[in-house]
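Colleague: What follows is the residue order along each chain.
Protein chains: 2
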Amino acid sequence: MRRVYMDHTAGMPIDERVLEIMIPYFTLNYGNPSSIHSFGNEPRRAIDEARSKIADLIGAEKKEEIIFTSGGTESNNLAIKGIAYRNKDKGQHIITSSIEHMSVVNTCKHLSKQGFKLTQLRVDKYGIVDTEVLKKEITDKTILVSIIYANGEIGTIEPIKEIGEIAHEKGAFFHVDAVAAAGQIPINVQDENIDLLSLSANDMYGPKGTGALYKKAGTPIMPIMQGGGQERGLRSGTENLPGIVGMGKAAELMKIEMKTEAERLSKLRDAFIKGVLERIPEAYLNGHSTMRLPNNVNVRFSYIEGESLILGLDMEGVACSSGSACTSKTLEPSHVLLAIGLAHEEAHGSLLFTLGRQNTKEDVKYVLGLLPGIVRRLRAISPLTPKDLVT
Amino acid sequence: MRRVYMDHTAGMPIDERVLEIMIPYFTLNYGNPSSIHSFGNEPRRAIDEARSKIADLIGAEKKEEIIFTSGGTESNNLAIKGIAYRNKDKGQHIITSSIEHMSVVNTCKHLSKQGFKLTQLRVDKYGIVDTEVLKKEITDKTILVSIIYANGEIGTIEPIKEIGEIAHEKGAFFHVDAVAAAGQIPINVQDENIDLLSLSANDMYGPKGTGALYKKAGTPIMPIMQGGGQERGLRSGTENLPGIVGMGKAAELMKIEMKTEAERLSKLRDAFIKGVLERIPEAYLNGHSTMRLPNNVNVRFSYIEGESLILGLDMEGVACSSGSACTSKTLEPSHVLLAIGLAHEEAHGSLLFTLGRQNTKEDVKYVLGLLPGIVRRLRAISPLTPKDLVT
Numbered sequence: 259m260r261r262v263y264m265d266h267t268a269g270m271p272i273d274e275r276v277l278e279i280m281i282p283y284f285t286l287n288y289g290n291p292s293s294i295h296s297f298g299n300e301p302r303r304a305i306d307e308a309r310s311k312i313a314d315l316i317g318a319e320k321k322e323e324i325i326f327t328s329g330g331t332e333s334n335n336l337a338i339k340g341i342a343y344r345n346k347d348k349g350q351h352i353i354t355s356s357i358e359h360m361s362v363v364n365t366c367k368h369l370s371k372q373g374f375k376l377t378q379l380r381v382d383k384y385g386i387v388d389t390e391v392l393k394k395e396i397t398d399k400t401i402l403v404s405i406i407y408a409n410g411e412i413g414t415i416e417p418i419k420e421i422g423e424i425a426h427e428k429g430a431f432f433h434v435d436a437v438a439a440a441g442q443i444p445i446n447v448q449d450e451n452i453d454l455l456s457l458s459a460n461d462m463y464g465p466k467g468t469g470a471l472y473k474k475a476g477t478p479i480m481p482i483m484q485g486g487g488q489e490r491g492l493r494s495g496t497e498n499l500p501g502i503v504g505m506g507k508a509a510e511l512m513k514i515e516m517k518t519e520a521e522r523l524s525k526l527r528d529a530f531i532k533g534v535l536e537r538i539p540e541a542y543l544n545g546h547s548t549m550r551l552p553n554n555v556n557v558r559f560s561y562i563e564g565e566s567l568i569l570g571l572d573m574e575g576v577a578c579s580s581g582s583a584c585t586s587k588t589l590e591p592s593h594v595l596l597a598i599g600l601a602h603e604e605a606h607g608s609l610l611f612t613l614g615r616q617n618t619k620e621d622v623k624y625v626l627g628l629l630p631g632i633v634r635r636l637r638a639i640s641p642l643t644p645k646d647l648v649t
Numbered sequence: 259m260r261r262v263y264m265d266h267t268a269g270m271p272i273d274e275r276v277l278e279i280m281i282p283y284f285t286l287n288y289g290n291p292s293s294i295h296s297f298g299n300e301p302r303r304a305i306d307e308a309r310s311k312i313a314d315l316i317g318a319e320k321k322e323e324i325i326f327t328s329g330g331t332e333s334n335n336l337a338i339k340g341i342a343y344r345n346k347d348k349g350q351h352i353i354t355s356s357i358e359h360m361s362v363v364n365t366c367k368h369l370s371k372q373g374f375k376l377t378q379l380r381v382d383k384y385g386i387v388d389t390e391v392l393k394k395e396i397t398d399k400t401i402l403v404s405i406i407y408a409n410g411e412i413g414t415i416e417p418i419k420e421i422g423e424i425a426h427e428k429g430a431f432f433h434v435d436a437v438a439a440a441g442q443i444p445i446n447v448q449d450e451n452i453d454l455l456s457l458s459a460n461d462m463y464g465p466k467g468t469g470a471l472y473k474k475a476g477t478p479i480m481p482i483m484q485g486g487g488q489e490r491g492l493r494s495g496t497e498n499l500p501g502i503v504g505m506g507k508a509a510e511l512m513k514i515e516m517k518t519e520a521e522r523l524s525k526l527r528d529a530f531i532k533g534v535l536e537r538i539p540e541a542y543l544n545g546h547s548t549m550r551l552p553n554n555v556n557v558r559f560s561y562i563e564g565e566s567l568i569l570g571l572d573m574e575g576v577a578c579s580s581g582s583a584c585t586s587k588t589l590e591p592s593h594v595l596l597a598i599g600l601a602h603e604e605a606h607g608s609l610l611f612t613l614g615r616q617n618t619k620e621d622v623k624y625v626l627g628l629l630p631g632i633v634r635r636l637r638a639i640s641p642l643t644p645k646d647l648v649t
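Chain order of the listed sequences is A and B. Each number in our numbering corresponds to the 1-based position in the first sequence with 258 added. Each number in our numbering corresponds to the 1-based position in the second sequence with 258 added.
Hints listed in this document are in silico derivations from the structure and should not be mistaken for laboratory results. The structure presented is a predicted model; accordingly, all values stated were derived computationally and were not measured. Do not take every clue at face value.
Identical copies look the same in the list; a pair holds intra-copy or inter-copy alike.
In silico DMTMM-like links for lysine to aspartate or glutamate, alpha-carbon gap of 25 Å or less [said to hold, decoys possible]:
hint, residue 1, residue 2
1, Lys623, Glu563
2, Lys367, Asp347
3, Lys532, Asp382
4, Lys474, Glu540
5, Lys645, Glu603
6, Lys383, Glu395
7, Lys517, Asp572
8, Lys375, Asp347
9, Lys371, Glu322
10, Lys517, Asp382
11, Lys371, Asp347
12, Lys383, Glu604
13, Lys367, Glu563
14, Lys367, Asp382
15, Lys393, Glu521
16, Lys645, Asp572
17, Lys320, Glu307
18, Lys399, Glu603
Given only the sequences and the hints, what does the whole structure look like? Please build it.
Modeller: Set out below in structure tokens:
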């Protein structure tokens with residue numbers, strides 16, 4: 259049976275070139291970068307190089323602005339709590355959106371229990387943050403605006419530069435969760451008024467368990483982990499050397515190959531979306547048709563459940579998702595799909611395909627060949643389906 | 259030139275058998291364990307298996323008592339803040355010792371700034387916690403006793419079981435930082451009255467960037483990172499699958515090979531210590547001679563600086579340390595050495611060798627051949643050295 263993996267936001271295979279460069283840091287260069295003997299030299303150099311490569315990918319001014327973490331979730335926690343705890347005397351108001359990743363949603367919820375005031379900006383039906391509403395909500399007490407660069411579930415890309423401008427006009431810091439966007443589309447933290455930016459290595463075909471936070475020089479944050487004072491005191495814990503080296507290489511490869519790959523994926527994506535909407539009645543696209551990540555296809559089908567569709571496709575070797583993998587085990591509908599105005603049953607009838615390097619035209623053709631039949635069969639047994647659709 | 263690495267607390271090479279088992283989780287089994295399609299099955303199974311192996315190494319009752327983290331520092335932060343924030347209504351008193359790792363020291367310091375009351379138990383000249391003092395200091399308001407299983411710098415093993423008994427008599431939870439001890443000496447969390455135990459994969463020849471916290475079923479803690487709710491809500495963030503699988507294998511190998519290796523290392527250690535004390539005048543052992551980790555040699559030499567010794571040995575291919583790698587970049591003397599009663603200059607004149615699998619009798623012989631000459635040369639140029647020692 260053909261195996262078609264289209265769930266790249268949930269997990270990505272590592273790039274073989276990334277793994278290759280990591281191996282010696284497991285076996286040979288295992289020294290501690292803080293050591294003063296010469297076993298510490300190569301680790302120190304390697305971490306420095308990785309920092310530069312990541313700074314390069316996102317247009318950071320200095321490599322020292324990159325702090326290594328254990329992943330996107332930790333980066334989001336560090337950015338948001340870091341700003342909140344360090345700047346609470348200035349103000350306790352945080353603005354975010356209704357389509358953030360759970361690590362932003364729940365970190366903000368955690369802070370609101372401690373007295374921070376939270377404003378969650380609503381988005382339009384495409385998932386785009388309304389900058390006019392932001393202008394109304396932001397005050398002198400707003401210390402942080404945290405908006406996702408592009409949502410991994412519906413693929414919608416936000417007007418980041420403009421949001422950053424508005425934040426800065428009021429003196430608020432601007433944090434951007436770029437886990438789903440980095441390596442897919444160009445990012446420039448300096449041009450786009452970004453003070454803090456969260457990244458995850460695995461979302462760029464790098465290793466799991468490694469991430470980074472860009473922190474513009476001079477942005478004051480408080481660490482969330484205490485210890486030996488690594489990463490200039492902002493992230494204690496012995497450095498994950500192979501992971502860091504791997505993330506650096508992944509960022510380097512993304513910078514080189516992103517443009518070509520994004521063009522290829524956009525074409526696949528558009529053919530996929532067109533094929534679904536043409537072949538299946540009452541099928542709809544979730545998110546925006548053009549302000550969209552190149553790898554993201556999110557479609558919904560009336561009268562049926564996404565979970566059944568996933569299992570039906572899984573039996574044919576196709577892996578996709580009903581939304582964020584983090585929440586796919588719960589029965590709750592995706593908060594992102596509800597935020598763009600879908601009813602519960604519409605959210606439940608949605609299916610997320612995230613394409614990746616190994617996906618081809620033939621994969622898309624294969625899925626397009628299967629999907630109409632599975633949808634038809636599920637609709638046939640659904641009590642909600644109107645009679646004329648079943649025949 | 260011979261290369262002799264004797265700085266295993268700072269960083270360990272990965273066991274080749276561990277790396278081998280990790281590779282497919284980078285390249286093939288890259289699915290997300292939370293996914294409902296079949297790409298999630300093998301990751302779920304593998305994490306479960308790793309959990310069992312770690313539970314096995316430390317005598318935990320259930321595999322569900324293991325929470326994966328990004329390393330020892332995070333495990334210590336999670337255990338201590340987790341208990342503190344969750345149980346603060348019961349009491350706000352925390353007891354620890356003066357020879358804890360920086361991730362315990364600084365986490366407790368952080369909490370004391372927030373109003374928690376901290377008692378740091380003094381230790382004797384060997385670094386052993388006095389349980390009589392503990393009995394006097396512990397009250398009904400003590401929510402946590404956190405003591406290191408064995409200190410990685412001076413190697414001293416603490417009377418863990420007895421400390422746990424005292425903690426439990428007063429209704430306090432007992433956390434143990436076992437990062438340096440696990441895999442070196444047998445640990446049994448159930449026999450030893452341990453509620454929470456911190457582990458690091460790299461300290462068992464596993465991968466960097468992976469750790470675990472044992473949390474006895476029913477012990478209430480609050481998570482320190484918010485997000486998708488992985489690890490039963492206690493540690494959000496996509497699981498570091500290769501790291502977790504590697505840590506499981508490392509724990510399995512430790513369980514099988516620990517006894518034989520500990521006997522071999524203890525012999526090397528004792529020969530090393532004996533050799534140093536015999537060959538070099540005014541050389542002293544730091545820590546206890548028998549209640550000591552099998553891989554730990556910490557010696558001090560009057561009139562000279564540890565840093566110069568490290569550099570002198572480094573030029574001959576030998577890697578060792580002046581204390582914790584985390585703090586070796588600072589000019590502060592080790593707080594552990596000061597806690598056992600050494601004067602600043604004695605602490606500064608100390609040298610830490612931590613032995614490992616690749617070290618042999620020949621390595622020890624090599625270092626014993628070099629060390630007296632280096633000490634003599636450094637003493638000859640030190641203004642502190644008495645004349646009769648130089649000739």
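Colleague: Could you run down the list of hints and mark each one as holding or not?
Modeller: Verification of the hints:
no.	hint	in the structure
1	Lys623 - Glu563	within (23 Å within a copy, 70 Å between copies)
2	Lys367 - Asp347	both (19 Å within a copy, 21 Å between copies)
3	Lys532 - Asp382	within (23 Å within a copy, 75 Å between copies)
4	Lys474 - Glu540	neither (47 Å within a copy, 51 Å between copies)
5	Lys645 - Glu603	within (19 Å within a copy, 89 Å between copies)
6	Lys383 - Glu395	within (20 Å within a copy, 61 Å between copies)
7	Lys517 - Asp572	neither (31 Å within a copy, 46 Å between copies)
8	Lys375 - Asp347	both (13 Å within a copy, 24 Å between copies)
9	Lys371 - Glu322	neither (33 Å within a copy, 29 Å between copies)
10	Lys517 - Asp382	neither (28 Å within a copy, 63 Å between copies)
11	Lys371 - Asp347	both (17 Å within a copy, 16 Å between copies)
12	Lys383 - Glu604	within (13 Å within a copy, 69 Å between copies)
13	Lys367 - Glu563	neither (29 Å within a copy, 51 Å between copies)
14	Lys367 - Asp382	within (22 Å within a copy, 46 Å between copies)
15	Lys393 - Glu521	neither (34 Å within a copy, 69 Å between copies)
16	Lys645 - Asp572	neither (27 Å within a copy, 81 Å between copies)
17	Lys320 - Glu307	within (12 Å within a copy, 42 Å between copies)
18	Lys399 - Glu603	neither (39 Å within a copy, 51 Å between copies)
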